[in-house]
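Just so you know, the protein sequences line up as chains A and B, in that order.
Taking this note's numbering, I'd label the letters of the first sequence as residues 393 to 1088.
Taking this note's numbering, I'd label the letters of the second sequence as residues 82 to 370.
These are calculated hints, taken from the structure and not from any lab test.
Values in this document were obtained by computation on a predicted structure and should not be read as measured data.
For every residue, glycine included, the Cβ atom is placed at its ideal position computed from N, Cα and C.
Certain hints may be false.
Claimed, not checked - Quick look at which bits of chain B chain A covers, simulated, 3 or more residues with Cβ under 8 Å:
#, segment
1, 198-209
2, 323-331
Said to hold, decoys possible - Distance ranges between label pairs, derived from CB positions:
#, chain 1, residue 1, chain 2, residue 2, range
3, A, Met527, B, Val237, 33 to 43 Å
4, B, Gly291, A, Trp729, 21 to 31 Å
5, B, Ser196, A, Asp891, 48 to 58 Å
6, B, Met260, A, Leu815, 19 to 29 Å
7, A, Ala762, B, Ala356, 27 to 37 Å
8, A, Thr885, B, Ser196, 57 to 67 Å
9, A, Glu716, B, Met260, 28 to 38 Å
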Amino acid sequence: MSTVEKDPTRAGRRRAGPGAADRGTHVRSALRRDVLFAVAALAIAIIVILPGRNGEGTSISTMQLVASMAAMTVAAVGLNLLVGYTKLVSLGQGGFYAIGAYGSAYLALDKGWHPVLAILGALALCGIVGAVTAMASMRLRGPQFSVITLVMAVLVERILNEGNAFGRLAGYPNFAQHGTTVTEPITFLGTTFTPPMIAGEVATVMVPIVVITALVVILSRNIARSPWGASLSAIGESEMLASHLGVHVFRRKVAVFVLASVLGGLGGVMATQAFSHLQPETFDIFLTITIVLAVVFGGSGTVLGPVVGAVAIVWLEQSDILVEASQWQQDTISESWFLSTSGLVGVLFLLTLFLMPRGIVGTAGAVVAARLHRRDAAEADGAGGLDETSEELVEDLTHVVHEKPAPGSLLTLTDMGKRFGGLQAVAGLDLSVDRGQIHAVIGPNGAGKSTLANLVTGVYKPSSGQVTFAGNDLTGQAPHSVSRAGIARTFQTPQLFHDATVRDNVLAGFADTGRTPLWAAALKPPSRYRRDAEMRVESDRLLALVGLEDVPDVRASELPYGKQRALEIARALAGGPELIVLDEPAAGLLATETSGLGDLLMSLRDQGYALVVVEHHMDLVSRIADQVTCMDQGRLLARGTPQEVLSDERVIAAYLGKPLDEHGHAVETDDGTTTTPAGPGSTSPSPSLSNGGDPS
Amino acid sequence: MEAVVIGLVLGGLYALLAQSFVLTFITTRTLNFAVGEFVALGAFAAIAVSSWSWLPTPGKVAVGFLAAAVVGALVYRFLVLPFTTQGEHDVRWLLSTVAVSFVMLNLITNVEGPSPQRSDTARISGTVDILGAGVGKQQLVLAGLAVVISLLLIVVTQRTSVGLMMRAVSQDPDTASLMGVSPRAVGAASYFVAMGLAGLAGVLYAATVGASPVMGETLLVASIAVAIVGGLGSLWGPLLGGALYGVLSQVASYQWGAIWGETAGLLLVIVVLVAKPEGLLGRRMEVKL
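In isolation and in its complexed conformation, chain A is listed as follows:
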């Protein structure tokens, strides 16, 4: 990590060709890691099927075990995208597994499709069912979401158990309906893919099974580490935050659900190909829960977690350990009061939740990370942050070349109104902000300042009025559209990804989080490598800008409060906005940090950013603001330069309580909706407000 401001020559070179050398290094090291991972994954996949290369009878059970593990791995990897990253606990993965298994067999056998087409058809069916389930459940979170996915899985199970076309308890295929109990092996491109069943026959189907499993793991790793994956984590953390980062939450959630469903179905397809016969009772609730357990046990939200979990669970279920454990209980405890397989799996599940909530991989990763970053965590409390912002870096921001600020204001609010039930939170407010201007919004608590910020950024739809930004009408647009249009924001309490590192928090701020297509995330074309490196260099620069360059690998939650605010600003800048809405950026900052914040905001203004700052801190406001709007009870109270507004008697009255006249009535001034004329006190602002700090 280069400390840029200590090396002026380096900083100068950067300005000429920004970080070209760094980018090359990042691309090469990322490529090396990815190739290494892919080679390792494929190598392991091939090694595990070597025992079956001669088709010896003794290897059949091993090959069947490997096939079960592969099928479970693929389904668990898919589920991990939902449970681990998006934090949507789906109990429906077993249903998709069943649809994949039965669908591919049924389309081939009963409908006479070519087996490969049948597989694709079954996967498409999974995708369609997944999309419908997703759209039905997208407004739900937590238990309701889990219930609807469970309902889906139960429905599938009932149909398989009771639908005559699927042979019910006789299984599929069965003698009565098909004259055979096994499906035909697939012949494709002159090769027959034989399942591991008959001694002396090489189980050729194992090759595609393990190779596809390895590919799924590799691609899911790419996805998890891409901006697309970051958007899933963002949704998992907070949907509102994700949409502020430019993510179309609804579409992204449907997309990830469909992806998870198709992978679940693919697991089922593998099971059909490996075992050639299906029994409905193996696709019950127990299956769906076992897949969840595989994810949680291995480590949800990690790349290798679902792989480790799936292999471990399948091995445990098929080995003799559980049988022996249950026999041991019968011998030593009681003939009837004992637990067998499903009960022991339940106990294992409970133990995992108690002892190892992050799973095998998650726990191991945390131990390693703790070793590596102990030093960084100590540094997090040290110097740096907003009191050491470096303004000279601002001009390095490659994306903010507002060389010729267009004439006219950037953001215009016309007659904005927002009503919550009987409460008129904002009424008839006009506001305009130009490029290169800091517009401060002040007012007592409950004045409607935060509501205003939420109206601009699309959290609330205005009850009346219009929002125009850079010539476009943004009225009533969703937060992700507002974000994409070029408005970023920070929040009253910092909304960060607490478990992610400082750098990852900034990386999530780039527009790529909302815009990277899934195929690019999965396949990782060269442009993706270049863009990743670019973002990495850019994020280093943004971190230096806000004084966090020494702690890029510290978890965001370990930062002190002031630095969390700095980080939030860096993330807002990453999206390349033209306007930033800052909701009380100085709240909770130390005096030195507030001053650093002021320097930073002013240098951003000089670079052409427009800033809307909702703030209580009058020192800061009077130092940085070009224009101040004071609101009271949802209405405009005063507007003008900081000196004008802070000395306005109505403003003072609103903050400190209204002075009473000799008749005991509150002093009323004029309507107060236009620019305040310079009053008598305009040259010397009221001491109570300009020095008063935060009145709340």
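Given the structure of chain A, go ahead and fit chain B onto it with the hints provided.
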């Protein structure tokens, strides 16, 4: 018409179990996915004491209620509460209750065997003719009980200080605990009552179909569906949801066959969730930034 009447009666059974989901949800924001096993637990507890001739029938029913209630409160304290500590997005309790369901189902199966056992406790034989449909008296009792218990719960929550505590904990557990109301105690109490109700339903239901380890599992999905349709936050919800779900699934299965009955009911859940995610009688909660 017959389908409607039977559907309503069947809906009563689902409503009784749905009430136990609603009860735990409004106080603890959790659902016990092992409710089905508590149904079986209640039924088998009553069978275990059925030979005690000194105990009158209401006592045996009470044993079924208490067995499930006590285990329910313990499950809450040791296996639900520890997994609700990480804020509203924390759904580890969901996985732990599913695990509890596995363990209990497995244990009951190993102890009692998989085949249904006859249960005579609180059996009322005979049928009543309602609008041309023959309805078992036992089922009628279950449906009536669902209505009575729902009304009782509504009165308790709205008119008594216990109910005030429940509502306080439901709205804001932190503030409630500052006011001297223990959210844990309220949570444990509601699990006690809710699982007790499941056990009670188990005793009465076993008298018609016999007690078996999986007897509750088939009711689980239907009763969750009923609770969701009615709204997890509303004690009136299960009655409305149970009636809708019961009638719809019965009519559909009369018309098109058994498999469509359940499908129609579950599709109802999806339709309701899409149109009104908080359920028909639930209230929407605004998220504030």
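Evaluation of the provided hints:
1. 198-209: violated (count 0)
2. 323-331: n = 0 at 8 Å, threshold three: violated.
3. A:Met527 / B:Val237: 33 to 43 Å: 39 Å, holds
4. B:Gly291 / A:Trp729: 21 to 31 Å: 22 Å, holds
5. B:Ser196 / A:Asp891: 48 to 58 Å: 49 Å, holds
6. B:Met260 / A:Leu815: 19 to 29 Å: 26 Å, holds
7. A:Ala762 / B:Ala356: 27 to 37 Å: Since the Cβ atoms of Ala762 of chain A and Ala356 of chain B sit about 48 Å apart, the hinted range of 27 to 37 Å is violated.
8. A:Thr885 / B:Ser196: 57 to 67 Å: 58 Å, holds
9. A:Glu716 / B:Met260: 28 to 38 Å: At roughly 53 Å between Cβ atoms, Met260 of chain B and Glu716 of chain A fall outside 28 to 38 Å, so the hint is violated.
Comparing the model with each numbered hint stated earlier shows that hints 1, 2, 7, 9 do not hold.
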